[in-house]
Amino acid sequence: MSTIVVHVEQVGGAPRRASLETLGAARAVCDTVVATICGDGAANAASGLGAHGANKVVVIEGAGTSPDALAKDLAAVVKEHGATAFLVGATSGGRDVAPRVAALLDSTLFSDCIALDKSGDALVVRRPWLAGKLLADMRTEGPVLCATLRRNTFQPGAGGGDAEIVHADANTDFLAVLKDVAAKAADKLDVSEAAVVVSGGRGLGEAENFKIVEDLAAAFGDAAVGASRAVVDMGWRPHGEQVGQTGKTVAPQLYIAIGISGAIQHLAGMKTSKVIVAINKDADAPIFKVADYGIVGDAFEIVPALTEAVKAVKAEA
Amino acid sequence: MKIVACVKRVPTTEAQPVVSGDGTSLDQSGLQYMLSFYDEIAVEKAVQIKESVGGEVIVVSLGPTDGSKEMRECLAKGADRVVLAKDEEWQSRDARATAVALAAQITAQGADMALFGRVATDRDNAAVGPMVATLLGWACVTDVIELDVADGKGVAKRESEAGIETYEFSLPAVITCQKGLAEPRYAGLKGIMAAKKKPLDEVDVTVEANQAQVVKLSPPPARAEGRIIGEGAAAVPALMDALRNEAKVL
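Top to bottom, those sequences are chains A and B. Numbered by numbering that gives the first Met the number 0, the letters in the first sequence go through residues 0 to 316 in order. Numbered by numbering that gives the first Met the number 0, the letters in the second sequence go through residues 0 to 249 in order.
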C-alpha cells in the first residue's frame with residue numbers, strides 16, 4: 000500500500016488548479032492519497048477534495064502564516080502516514096515550503112517536475128535542467144520522494160468519491176511570520192498561472208507601445224502580459240512579467256510572442272507552451288523555429304487586427 | 000554582522016548543453032561558466048548590508064578549484080573573503096547534499112545571516128537556501144525583493160500569486176534573493192586590484208552521497224515544425240481559423 004501526501008493550496012475556500020493537478024498526478028501512481036490543507040476557508044475546500052482523488056484530507060487548523068511552521072506540520076503528516084512521497088504544485092508557496100519539508104524528512108527535492116511515473120515500485124520524475132535545455136528522468140534513494148509539479152502540465156484529479164476528513168492542530172513555533180499581503184489587482188493574472196500569455200519584446204520599440212500587448216491580453220480575458228528579459232532590463236516592464244531562464248517558466252495553452260526574437264534564454268521559459276504564435280518583422284527570427292504559427296510583419300498593424308478578431312470571437316461565445 | 004553569501008558556478012545561460020555518452024550526465028567539455036545570475040544579487044545585497052551596518056561579507060561556494068575566477072569577481076565587487084569548499088563533482092550534487100555541505104560551512108563561519116540566489120540557473124531547484132535554513136533551524140524568506148535588517152530583526156517582501164507578502168523574522172536567517180532586490184555593481188579597476196589581496200581560502204570537504212539518481216538525461220523532444228501563416232494584418236483571419244479549428248485553443 001503506497002501513500003502519497005499532497006499539500007493543497009486554496010484561496011477563499013477554492014483549491015488552486017495547481018493543487019488539483021497535483022492530486023491527479025498522485026492519484027495515478029499510488030493507492031492512497033492524503034491531502035493537507037490549511038488557512039481560512041480550508042474546511043470548505045476540504046469537502047470537495049475527495050472528488051479530485053484524495054482518500055483522506057487533513058485540515059491543519061491555524062496554519063498558513065509561517066512557512067517554517069507549516070513545513071513542520073506537513074512533515075509530521077508525511078511521517079504519520081508512512082508516505083513514500085510528498086508532492087505540491089510548483090506555485091510560489093509550493094516552491095517555498097517543499098524544500099523545508101524535504102529537509103525535515105532527510106530527503107532531497109525535485110523541483111518543477113513535468114512527469115511522474117511508476118517504475119516497478121519506485122517513482123520516477125522528469126524535470127528540466129538548464130531551464131529545459133535538457134530533461135532528466137530521476138529517482139531517489141532517500142526516504143521520501145519530495146517534488147513540486149509544474150503547473151498546466153498534469154490533468155486535475157477527477158471522478159473520485161468522498162474523502163475522510165480529519166483535523167490537526169498547527170505548530171505554533173514560528174520563525175518567520177507573514178504580516179501582510181498587498182493583493183494585486185483582482186483582474187491581473189500572474190504570467191505563470193494564465194491560460195493565455197501575450198508577451199512583448201524589444202521589437203515594440205518603446206515602453207508605451209506595450210499598450211497593444213495589454214489590449215490583446217484584455218481581449219482574451221483570461222490572459223496575462225509577459226515580457227522578454229531585454230525589456231525588463233530596460234525598465235519597460237516589471238520583473239514579475241519576465242518569461243525565460245532568469246524569469247518565469249510558463250506553459251500556457253496559448254503563448255503569443257510579439258516583437259520577441261527568441262533568444263535561447265527566452266525560449267527556455269516558454270517552449271513547453273501548448274500552442275505558440277509568433278509575430279515578428281524578421282522572418283529569420285529564431286522565435287519562428289519554435290512557433291506553431293507565425294505572422295511576419297509590422298506588429299502595430301497585425302496585433303490590433305488580431306485584438307479585434309479575438310474580441311469578435313469572445314463576443315460570440 | 001557576519002553575512003555569508005552563497006554562490007554557485009553554473010554553465011552560462013547561452014550554453015547549448017550536450018548529454019554525455021553514458022546518457023545520464025552533462026558533457027562538460029566546451030562548457031563556459033559564470034556565477035549564477037541570482038547569486039550576484041546575493042553578493043551585492045550582502046555588501047550593501049555591510050556598508051550600512053558594518054561587519055564582514057564572506058562568500059561561500061561548493062565548487063571546483065577552477066572556479067577561483069568567479070570567486071575573485073565577488074571579492075572585486077566588495078566581499079571581504081571567500082571560502083571555497085572544494086568539490087570537483089559540485090555540478091552533480093543533489094540539493095540535499097549541497098545544503099548539508101553549505102550549512103556546515105555557514106556554521107563554521109559563525110554567520111548571522113546567509114544570502115542565496117533564489118535559484119541556481121543550472122539545476123533550477125530553488126531548494127538549497129530554504130533547506131540550509133531548515134537544517135540550521137533558522138528563519139527563511141525566499142524570492143525576496145525588499146529587505147531591511149536592523150537590531151537582530153528583519154523585514155522581507157516577496158512576490159507570490161496573491162501579491163506582495165511581507166514577513167518578519169529574527170536573525171539568524173536565510174534570505175534567497177530575487178531580481179529587483181539589488182543591482183550588482185561593476186567591479187572597477189580599484190575593486191579588481193583590491194581583490195588580489197583578499198583571502199581566498201580553499202577548504203577540503205566530504206560531501207554526502209546523492210539521494211537523487213539520474214536514470215536518463217535527454218534533450219527535450221523537438222516541437223513539431225510550425226508554419227508561417229502569412230504576412231501583415233491580412234494573415235490575421237487565417238491565424239484565427241488555425242487557432243479555433245486546428246489548434247482548438249480559442
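Wrong hints could be hidden among the right ones.
Unchecked claim - Okay, derived cross-link-like pairs now, DMTMM-like style, lysine to aspartate or glutamate, Cα gap no bigger than 20 Å in a straight line:
| no. | chain 1 | residue 1 | chain 2 | residue 2 |
| --- | --- | --- | --- | --- |
| 1 | A | K247 | B | E167 |
| 2 | A | K288 | B | E230 |
| 3 | B | K215 | A | D120 |
| 4 | B | K152 | A | D179 |
| 5 | B | K49 | B | D79 |
| 6 | B | K215 | A | E140 |
| 7 | A | K183 | B | D123 |
| 8 | A | K273 | B | E224 |
| 9 | A | K71 | B | E167 |
| 10 | A | K187 | B | E160 |
| 11 | B | K156 | A | E307 |
| 12 | B | K197 | B | D65 |
| 13 | A | K178 | B | E230 |
| 14 | A | K273 | A | D221 |
| 15 | A | K280 | A | E205 |
| 16 | A | K247 | B | E182 |
| 17 | A | K247 | B | D123 |
FYI, nobody ran anything at the bench for these hints, they're computed from the structure.
Hint check results:
| no. | hint | verdict |
| --- | --- | --- |
| 1 | K247/A / E167/B | 26 Å, violated |
| 2 | K288/A / E230/B | 16 Å, holds |
| 3 | K215/B / D120/A | 18 Å, holds |
| 4 | K152/B / D179/A | 17 Å, holds |
| 5 | K49/B / D79/B | 10 Å, holds |
| 6 | K215/B / E140/A | 16 Å, holds |
| 7 | K183/A / D123/B | 26 Å, violated |
| 8 | K273/A / E224/B | 13 Å, holds |
| 9 | K71/A / E167/B | 19 Å, holds |
| 10 | K187/A / E160/B | 10 Å, holds |
| 11 | K156/B / E307/A | 39 Å, violated |
| 12 | K197/B / D65/B | 18 Å, holds |
| 13 | K178/A / E230/B | 52 Å, violated |
| 14 | K273/A / D221/A | 16 Å, holds |
| 15 | K280/A / E205/A | 16 Å, holds |
| 16 | K247/A / E182/B | 19 Å, holds |
| 17 | K247/A / D123/B | 11 Å, holds |
Hint compliance for this structure: hints 1, 7, 11 and 13 are broken, all remaining hints hold.
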